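Protein chains: 2
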Amino acid sequence: MSTLYKQRDDLFFMKLALQEAKRAAEVDEVPIGAVIVKDDEIISKAYNLRETLQDATAHAELLAIRKACEVLGTWRLNGCSLYVTLEPCPMCAGAIILSRVDRVVFGAKDPKGGACGSIVNLPADKRFNHRPEVVEGVMADECGEILTKFFQAKRAEKKPASE
Amino acid sequence: MSTLYKQRDDLFFMKLALQEAKRAAEVDEVPIGAVIVKDDEIISKAYNLRETLQDATAHAELLAIRKACEVLGTWRLNGCSLYVTLEPCPMCAGAIILSRVDRVVFGAKDPKGGACGSIVNLPADKRFNHRPEVVEGVMADECGEILTKFFQAKRAEKKPASE
Numbered sequence: 001m002s003t004l005y006k007q008r009d010d011l012f013f014m015k016l017a018l019q020e021a022k023r024a025a026e027v028d029e030v031p032i033g034a035v036i037v038k039d040d041e042i043i044s045k046a047y048n049l050r051e052t053l054q055d056a057t058a059h060a061e062l063l064a065i066r067k068a069c070e071v072l073g074t075w076r077l078n079g080c081s082l083y084v085t086l087e088p089c090p091m092c093a094g095a096i097i098l099s100r101v102d103r104v105v106f107g108a109k110d111p112k113g114g115a116c117g118s119i120v121n122l123p124a125d126k127r128f129n130h131r132p133e134v135v136e137g138v139m140a141d142e143c144g145e146i147l148t149k150f151f152q153a154k155r156a157e158k159k160p161a162s163e
Numbered sequence: 001m002s003t004l005y006k007q008r009d010d011l012f013f014m015k016l017a018l019q020e021a022k023r024a025a026e027v028d029e030v031p032i033g034a035v036i037v038k039d040d041e042i043i044s045k046a047y048n049l050r051e052t053l054q055d056a057t058a059h060a061e062l063l064a065i066r067k068a069c070e071v072l073g074t075w076r077l078n079g080c081s082l083y084v085t086l087e088p089c090p091m092c093a094g095a096i097i098l099s100r101v102d103r104v105v106f107g108a109k110d111p112k113g114g115a116c117g118s119i120v121n122l123p124a125d126k127r128f129n130h131r132p133e134v135v136e137g138v139m140a141d142e143c144g145e146i147l148t149k150f151f152q153a154k155r156a157e158k159k160p161a162s163e
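Protein sequences, first through last, are from chains A and B.
No gaps in the numbering here: position 151 of the first sequence is 151 in my numbering, and each next residue is one more.
No gaps in the numbering here: position 141 of the second sequence is 141 in my numbering, and each next residue is one more.
These aren't lab readings, by the way, just hints derived from the structure by calculation.
Each pair may be met inside one copy or between any two copies, as identical chains are not told apart.
DSSO-like, lysine-lysine: derived pairs with alpha carbons at most 27 Å apart:
| # | residue 1 | residue 2 |
| --- | --- | --- |
| 1 | K126 | K109 |
| 2 | K112 | K126 |
| 3 | K154 | K15 |
| 4 | K15 | K109 |
This one's a predicted model, so the numbers in the text were calculated from it and none came from an experiment.
Work out the full structure: start from the sequences and follow the hints.
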């Protein structure tokens, strides 16, 4: 596949991940969304549901990986690409390595907890038995903006109405 | 609590984690077991079920954390200790940090994939917003031996009967 086609696909699937992030915001969850794709087909979509499920592991990527395993009937996600609006945390980067996802495309960087270059870089570590390709910065502004707006609204909610 | 009591408790709960690991071996899964404890009460127990569930995320620790969140009705596992027979991988160490488990006690080290000192040391990294206490080496020999025996048996199975 040419680089141009790949870039067009990356934009297309990141837009879907961003739609998932918007769904998270609608249920008052930190807006992060993920999509898993294999052979141009969407295998799974998910968004952060930590508060709704009261499950510390219910990040968009982890839910998308679990769904993809279920859909494909195997824990091996070779040949799959994972699109996610925010840089994966250590748990999700670890799950990406374990599930042997081929390619990870993320939007905004997470300087406070990212495990794909920001704090640590787990997918690049040659000592683990699988190293997915990582592409960063696809629709980074849009992916970051939805988070910024969410937290701004949260802070505004906390302030008394008189202020 | 005195150090002596803590050591006795650690042995007691690690024995339970080892029982979970044995259950994994019984269903032909890599034998790793975990137990989560709060105020001396067992909140959840789990063992590796990756092959059975065909789920890359079905490690003992992750399943135990998800169960504990369900039992306690919250994603915050403050006040909990997690006992696991093998050093947690990056995914599980990440989930431990996210769920704010207070204390992690593990048995055998995992030089090939451990994220609590062997390859990386995620719980010790001050840049993440939670740092659980980690105790290693409790019943390390027993916890390692059950894994060694499992893989020895697997290799023997693969050889033709005539050899």
